[in-house]
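Colleague: Make the full structure from the sequences, and use the hints.
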Amino acid sequence: MGLNTRIIVHIMGLLLLCNGSFMLLAAFASGIYKDGATLDITLAAIVTMLFGVMAMFYTRGHKKEVKRREGYLVVTLGWLVMSLSGSLPYIFSGTIPTVTNAFFETISGYTTTGASILDDIESLPKGILLWRSLTHWIGGMGIIVLAIAILPLLGIGGMQLFAAEAPGPGGDKLHPRITDTAKRLWLIYVGYTAAETLLLKLAGMSFFDALNHSLATLSTGGFSTKNASVAFWNHEPLIQYIIILFMFLAGSNFVLSYFAFTGKVQRILKDEEFKYYTSFIVLFTIIVALVVLFKANVPVSDFHPMVWGEAESAFRHGLFQVIAVVTTTGFVTADFTGWTPFLTVFFFGIMFLGGSAGSTAGGIKVMRHLLIIKNGLLEFKRTLHTNAIIPVRYNSKTVTEHIVYNIIAFFVLYMLLFILGSLVLGFLGLDFVSAIGGSASSLGNVGPALGSLNPVSNYNSLPNAGKWWCAFLMLLGRLELFTVLILLTPYFWKKT
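For the sequence shown, the working numbering gives the first residue as 68, with consecutive numbering after it.
The hints are all genuine.
Straight-line distance between alpha carbons at most 20 Å, and here's what the computed PhoX-like set of lysine-lysine pairs gives:
#1 342 x 464
#2 193 x 268
#3 134 x 561
#4 337 x 464
#5 448 x 464
#6 464 x 441
#7 331 x 464
#8 134 x 562
#9 337 x 441
#10 441 x 342
#11 331 x 342
#12 293 x 268
#13 193 x 293
#14 101 x 193
These are calculated hints, taken from the structure and not from any lab test. Since this is a predicted model, take the numbers as computed values, not measurements.
Modeller: Here you go:
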């Protein structure tokens with residue numbers, strides 16, 4: 068049977084309508100602040116929605132059935148269509164006039180990577196800044212929907228946490244209907260965004276800055292309204308602690324938040340991934356804080372130790388940067404690559420950790436690391452007891468061999484893509500440190516990298532080919548590799 072292209076085009080039309088509606092919100096904000104970009108953003112919204120209406124109109128008689136092959140195309144094409152249409156406000160307003168740069172900034176937003184090509188963020192119109200943050204928020208929300216409703220149905224092992232056979236919290240359906248589950252997690256997502264906005268406003272941020280940073284935090288994106296990112300508020304510890312809290316929540320499984328709100332606290336405390344996720348952050352923070360306090364040569368302008376003392380400043384900066392990198396949010400309070408060579412390597416290493424499965428974070432994910440380590444340790448027992456059946460257990464449940472093999476395949480493929488990504492960036496002229504940093508950061512959706520792509524720099528120095536390559540890596544990482552790569556295989560396109 069051939070592909071049901073009409074349903075694919077119909078869904079793309081629906082996505083364009085949604086995208087255009089969010090653009091109108093940015094245009095509304097632009098009108099309130101009278102920043103001069105209102106007409107341009109409105110025009111971008113009209114063009115986007117017009118294409119959406121046309122696509123839905125011409126496919127209105129579609130067969131309402133999405134099979135596995137159509138599902139793969141819907142997921143990948145959906146992100147590409149959103150990114151292409153989402154670049155229109157930048158192009159129409161002239162804030163990012165070139166297609167390459169506009170697309171890079173947009174896909175970095177939707178994939179919640181947070182890598183930017185902009186040299187002077189604060190000079191942008193308010194409406195464009197809001198649109199930039201909204202691309203993060205839409206992308207983060209989309210990942211939740213993918214995790215719950217789409218990828219499990221496609222049998223994607225990478226995000227199968229919500230599939231029936233998967234171990235862990237995802238095996239417990241919040242509601243029998245997937246759509247109702249999505250609504251509940253959306254409500255938490257929106258609620259967290261509103262709560263952080265309110266707290267940041269009370270802590271001293273302007274409402275506009277508070278809203279934008281909340282949109283970027285809950286999506287683990289990292290776009291800021293300031294050139295210095297969150298370092299702009301280094302003299303305001305409370306603001307940074309609030310962002311730390313919500314980065315932690317965004318990087319944890321959203322299902323656990325649902326359990327917390329329904330009083331099932333024991334479910335959270337017993338969850339293996341959450342325990343290790345928290346333990347890793349605590350351990351890494353202690354290491355970084357101690358090194359920064361006793362070894363790093365950090366300027367006073369970076370630390371503001373006069374606020375609450377040097378020890379608190381070292382702890383706060385260490386905690387902030389650890390959570391920002393582990394959750395792949397990418398906000399920065401200082402250039403962590405300039406602290407010590409040890410910490411540069413350390414932060415490069417934790418770029419591969421990732422947040423929890425079922426969160427908006429990128430990266431490999433804590434759950435995958437746990438299962439790979441557990442399976443590796445069990446290999447010693449299997450070597451000694453060749454006839455024994457020794458399964459991997461997670462949250463006291465047996466993990467099927469299918470899932471273990473899938474995760475091992477994912478990990479191997481992830482590392483190969485990282486190496487390939489580094490080689491391509493090196494071929495395009497980047498030095499070794501910048502190449503491996505850019506590859507790891509793009510594939511893990513982290514944002515800040517190493518070398519010329521360090522936290523206080525941006526990706527504008529990349530050649531155009533490098534920007535398109537990094538954009539491809541961002542998409543691969545965000546959609547869990549298999550979803551995109553399967554489209555590049557010849558047997559995917561063969562008629563069955």
